[in-house]
Amino acid sequence: MTATPPPSGRVPAGPVTGPAAIRTVGLTKRYGSVTAVDGIELDVPPGDIYGFLGPNGSGKTTTVRMLLGLVLPTAGTVEVLGARIPKHARSVLHRVGALVEAPAAYGHLGARANLSIMDAAGPGGSRRTRRARIDQALEQVGLAGVGRRPVKAYSLGMRQRLGIAAALLRKPDLLILDEPTNGLDPRGIQEIRRLLLDLNASAGTTIFLSSHLLAEVEHLCKRVGVVDRGRLVLQDSLAALRAPTGSVVLRTPDPEWAVGVLDGDLRERSGDRLVVRATDPAELNARLVGHGIRITELTEQRRTLEEVVLAATTGSSDRVDAAVPPTVGPRAEVLATDDSAWDRPPAGPPVPLPTRPARDTFSWPAGRDTPEPGPGWQPSRSEPARSEPARSEPARSEPARSEPARSEPARSEPARPEPVRPAPDDRRPGQSQPGLGSQPSRSGSAQPPDGRSQPGPGWQPSPSDSAQPPDDAEVDPGGSAADRAGSDQPEARSEESA
Amino acid sequence: MIGVELMKMLRRPRTWVVIALIDALPTLVAFLLALTDVGPRPGTGPAFLSAVLNNGVLFPAAALAIVLPLFLPVSVAIVSGDSIAGEAQAGTLRYLLARPAGRTRLLVAKLVTVLVFVAMAVVVVVVTGYFVGTSLFGTGQLAGGNIVSVSGEPLSPHQAALRTLLAMAYVAFSMLGVAAMAVFLSTLTDSPLAAAMGALAFLVASSLLLTLDAADSIRPYLPTRYWLAFVDLFRQPILWRDIVRGVGLQSLYVAVLLGAAWANFSTKDIKS
Numbered sequence: 001m002t003a004t005p006p007p008s009g010r011v012p013a014g015p016v017t018g019p020a021a022i023r024t025v026g027l028t029k030r031y032g033s034v035t036a037v038d039g040i041e042l043d044v045p046p047g048d049i050y051g052f053l054g055p056n057g058s059g060k061t062t063t064v065r066m067l068l069g070l071v072l073p074t075a076g077t078v079e080v081l082g083a084r085i086p087k088h089a090r091s092v093l094h095r096v097g098a099l100v101e102a103p104a105a106y107g108h109l110g111a112r113a114n115l116s117i118m119d120a121a122g123p124g125g126s127r128r129t130r131r132a133r134i135d136q137a138l139e140q141v142g143l144a145g146v147g148r149r150p151v152k153a154y155s156l157g158m159r160q161r162l163g164i165a166a167a168l169l170r171k172p173d174l175l176i177l178d179e180p181t182n183g184l185d186p187r188g189i190q191e192i193r194r195l196l197l198d199l200n201a202s203a204g205t206t207i208f209l210s211s212h213l214l215a216e217v218e219h220l221c222k223r224v225g226v227v228d229r230g231r232l233v234l235q236d237s238l239a240a241l242r243a244p245t246g247s248v249v250l251r252t253p254d255p256e257w258a259v260g261v262l263d264g265d266l267r268e269r270s271g272d273r274l275v276v277r278a279t280d281p282a283e284l285n286a287r288l289v290g291h292g293i294r295i296t297e298l299t300e301q302r303r304t305l306e307e308v309v310l311a312a313t314t315g316s317s318d319r320v321d322a323a324v325p326p327t328v329g330p331r332a333e334v335l336a337t338d339d340s341a342w343d344r345p346p347a348g349p350p351v352p353l354p355t356r357p358a359r360d361t362f363s364w365p366a367g368r369d370t371p372e373p374g375p376g377w378q379p380s381r382s383e384p385a386r387s388e389p390a391r392s393e394p395a396r397s398e399p400a401r402s403e404p405a406r407s408e409p410a411r412s413e414p415a416r417p418e419p420v421r422p423a424p425d426d427r428r429p430g431q432s433q434p435g436l437g438s439q440p441s442r443s444g445s446a447q448p449p450d451g452r453s454q455p456g457p458g459w460q461p462s463p464s465d466s467a468q469p470p471d472d473a474e475v476d477p478g479g480s481a482a483d484r485a486g487s488d489q490p491e492a493r494s495e496e497s498a
Numbered sequence: 001m002i003g004v005e006l007m008k009m010l011r012r013p014r015t016w017v018v019i020a021l022i023d024a025l026p027t028l029v030a031f032l033l034a035l036t037d038v039g040p041r042p043g044t045g046p047a048f049l050s051a052v053l054n055n056g057v058l059f060p061a062a063a064l065a066i067v068l069p070l071f072l073p074v075s076v077a078i079v080s081g082d083s084i085a086g087e088a089q090a091g092t093l094r095y096l097l098a099r100p101a102g103r104t105r106l107l108v109a110k111l112v113t114v115l116v117f118v119a120m121a122v123v124v125v126v127v128t129g130y131f132v133g134t135s136l137f138g139t140g141q142l143a144g145g146n147i148v149s150v151s152g153e154p155l156s157p158h159q160a161a162l163r164t165l166l167a168m169a170y171v172a173f174s175m176l177g178v179a180a181m182a183v184f185l186s187t188l189t190d191s192p193l194a195a196a197m198g199a200l201a202f203l204v205a206s207s208l209l210l211t212l213d214a215a216d217s218i219r220p221y222l223p224t225r226y227w228l229a230f231v232d233l234f235r236q237p238i239l240w241r242d243i244v245r246g247v248g249l250q251s252l253y254v255a256v257l258l259g260a261a262w263a264n265f266s267t268k269d270i271k272s
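So the protein lines, in turn, are chains A and G.
Counted the way this note's numbering counts, the first sequence spans residues 1 to 498.
Counted the way this note's numbering counts, the second sequence spans residues 1 to 272.
Keep in mind that the hints were calculated from the coordinates and are not lab data.
Just to be clear, a hint being listed does not mean it is correct.
[Claimed, not checked] Capping the alpha-carbon separation at 20 Å, the derived lysine to aspartate or glutamate pairs in EDC-like fashion look like this:
1) G:K271 with A:E179
2) G:K271 with A:D318
3) G:K271 with G:D190
4) A:K222 with A:D236
5) G:K268 with A:E101
6) A:K171 with A:D198
7) A:K87 with G:D269
8) A:K171 with A:D135
9) G:K271 with A:E101
Predicted model only: the values in this text are computed from it and were never measured.
Isolated chain G (complex conformation) (with noise of 0.2 Å):
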């Protein structure tokens, strides 16, 4: 079932559309950067863009930024919005039920298929940021090969890959979040669109009252709170704090949110 459903993710034109969408930004911002030269200033912007003009080393990880604030929310609640709303706005899924697939199989098998693609769509972003960094601003020779993490102290270039894997990983991890109320959306609704700008909605919501000192006790509990706590990793020493509690979050998140999914799902009259 897993393998079914993997194939017709990756099968369908969309899911490499939206992957090359999502990797088309980064790659025009550092393109931009190496013509212009022209960075913004330490501690505006997204993390990293400054540091990345003298070591292309860290511009995955600048990448990741980039794209973890809106691209990849958009992107992640496209592909689980459609998960059970899209097969039953197509008509499959009375099919695939009556087949029977098995509710709960189906929505393991789905839940698998969006983190594949979350994984998918990180590593894409990583590894073309990695061959665009390096190409367009060089590996940062002038300091010897190492790179200045962004409390100032110089990181090995295994360090600096080590902790790009740990920093994919946690940005992956951070959009299950957004996935789980996708999912669980979608198995209310038979429009994938409703669902997806439903778990949009989530995240957009989430966000502005990030902004909001009024909304400060609730802060810590925001979905979107945690995300860019990233950047921690790349601290010398690393800064598990935030990291530690966002996987917290996110795991809480999912954990409520598929459980209504499940709930909901497995005793839904299937009317589509």
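Excised from the complex, chain A in its bound form (with noise of 0.2 Å):
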């Protein structure tokens, strides 16, 4: 996976076994009668790269400081590394990497005689190794030759990089890191990116990597939980969450030839590409051709981690409309009371989805995951049902708790039989409605790869296709010595370009 060697001094370890790296039971927080934490149950197995997701405002930074003893729940149990915070903190906390929302550095101290104040200010931080251990982790994020300039003269990416020295310091176990690349530019992105994946593969450090931006969880998570108004709404694989949706697409330039022969299973035409049930895209391939149909691209359709996060969660809390407050929506109280959602079994054939504009993404009948959905898995065509009363529903803003006589007779009804195509005079354009989000639908799921949401305003969009894999040969490592010099990364790069 990483293109650098392992760094010196390192020995490489397997995973590290044990207790959980991270888990939180019922974890609550609240300031007075806002409830910021709402039972969150964070479960991170040791060695794994965690990501933690949400819209701005969501209560990713108070889990965060409850898992460090910075914030004292008001209720439940946070366990790091095996040992209660914050009652044993002292026992455990050192062997915790940590970066809590910026980073933060005495301005008149450079960095080494920043990172060996934090050392001292603790345990676990032997003083003998001290110096060299401020070096190695001043290498790893490319700071070596920072000299002693002080901190108040450095730009925000290398102070970005100092505090992941700081959190890398004392080799630790478990990495806490709170949007750590923020500041950095695309390349020392990426180096922040490859220096975590290697010491996950070398060291087997876990890492909780609290973000919203949504390729980078993409690009470096194993398991990603995303929380929304305090509650976790989402814990799951990666792979799960992306599995595939049972269709493929595919781009003809003979789309009537194609539409004939596919018959039943197409789902959706715009122009040359059609989308079309198919559990085997190699099948597939096989009788298009055998009919003669000419095929220019062909590929499976999966969710990109950006749609199942936007369907998971509402607006941003840094949104703030006029009209329809985003955040006042019936979601989080319907997700209290139909837990039932989540487990039940999808059901029924496929079903045609309407062809829209990507922009109304937002609006859609929101789809949600089970726990584990097989690749064969298929959305069920109760939930647009159930999705389209609350959706003509003039009052959105409503709970959805005052509408029981709405929402229930819809939800009882699993097997309706024709999907509900919602009308067009439904709809409010330009308008976001994420309190849709709220009907657990699976629906979702089977949105076309490139109708691509239109993200809300507290998220940022992936800055590339998020569906490639993380392509970590594409940047050269060597060949950038002159660039980053030029940047916010003064290292004596002599190993590299030797």
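Join these two chains into a complex; the hints should help.
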């Protein structure tokens, strides 16, 4: 996975065994009447790379702070590396490297002095090895040549690198990183990503990555937890979340023929692009080619992480609309009472999905996965039907609970035969309706991959095509020395160019 | 931890600027006195100043009296107010506590640092006071090396030195009430300025009430009430009553305020 050799001095080790790296039970934090974190149950096994996602203001940072004993929970328990926090913080937190929100340092001191102070401020940092550890950490993050310049003269990227160096200083078993690539340029992001993957692979370091950069998480993480308005609405492996939807997307210069051949398996067509229900892409390809149909492109359809997360969450709390506040929605209420929808097995044949502009993705009957959707997993036709009544409801901001008569009958009717297409006049164009995510529905998973959802303002669109696997071979680390020297990395690059 | 905090304070340029400024005022006063040879009439102006013209050995005590009412408390309030709030404002508090430094340990280390700062400031003032005083005003050879105490009796140089040391200790101890107040406020707010200003407001209020006859009944409990009692150390014999009361009162303030600071800080949600 990584192109760089393991950092010198580090003994390669297997994955950390033992208790969960992070486990929280019913973790809750209330500030007065505001519940910032509501019963979060995190489970991060040792050796994992865990992505902790959620819109701004959803409780990510508060959770991270509770993991580190900075914020004391109102209820529930936190265990980090097998020890209770905050009670036994002293015995275990020195094995945790943390970056909480922005990095911080004493501006009048240099990088080494800062790291030295932080190292001396707690247990577990041996004075004898301090200098060597500082040098190694600075080298790992690309600040080896930084000298004695005071931190107040650093660029944003250099501060970020210094913050990561501080987290790495004691070769931690667990890294808790909140937005670790803030302020870094694309090359810096790539370096840090590679460093983290390398630490995970060579030393078995567990990494807990809190971020709202979906591409970041998609490239790094094995497991993902999504938090929304204080609740953990999703916790699963990335592979399972991005399992094939049971459809194949293909392009052909002969769409008319193809439609004829495919017959009932066609789900959706826009020009020369067809979405076809097929569990075996190879078989489909053979069938089409057998009919003499030319294929220019054929891919298994997978949901992007962005689609998964947008479907699971409501709006950002930093967006404040005048008419319909996105945070006031029925979503959390419905979820709290409708746990059964999570466990219900997906059923029913696939539904052709209405074609609509990408802009509207937010207002689709949003989808949500079962914990382990298999590859042959199909969207259920009952869910779109269920979401329709809410869709046409005029009072969008009212909690769903106040409308039990509306939502209940629809829910108790799981096998409604025909898919309901939303009437066009139902839509309110240009207005995102995150409240609709409240209806647990599986049809969202069948979204066409190019119907990329338009993220809300709090979300950063992935810089690269998130359907692509992480491509580490793309950037040549050696050829970039000049580039780096010009940027925020004043490292003496002797070993790499040699 | 304490060593780390001390290093942090000593490596901060601000520490030395503040100490230099505290030291500058009595030095300036000494030069003005030496140039003009016009001392305040006995019983007016800062304590000891009228006696200093005859004997420079008393100038350290005079220097303490000059910085005690305002300069010293201001600097102590700034340094102690910065203790926790400054780390919070810089964002380093969360890293120190996640390190984990331990909240009580951090608070204790900060208190020790403040104490060391106060001691340093007092020592610097006294030492420069001694050199400036003796070089500008002589050592009072006319009186045979003896110093005239506040109550008129002569003091031997040995006695004077001892009493100056006692005075230093008492002045430093008097500052602990301010320090405790500023540290307590520092755990409440993330703004070091607010904490320092709050502690100063506390002092100004106390000084104002001292001058108010209507506040007579609460006067013995005001934190600045016995500050100038260190003058009594230079009486012959030493008048201990106010000094003992001053120490007791300061201890009470320190205990209550530091207890409050600890209670607040050890259960606080660190959101900075």
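Cross-check of the supplied hints:
no., hint, verdict
1, G:K271 with A:E179, "holds (17 Å)"
2, G:K271 with A:D318, "holds (18 Å)"
3, G:K271 with G:D190, "holds (9 Å)"
4, A:K222 with A:D236, "holds (9 Å)"
5, G:K268 with A:E101, "holds (19 Å)"
6, A:K171 with A:D198, "holds (13 Å)"
7, A:K87 with G:D269, "holds (15 Å)"
8, A:K171 with A:D135, "holds (13 Å)"
9, G:K271 with A:E101, "holds (11 Å)"
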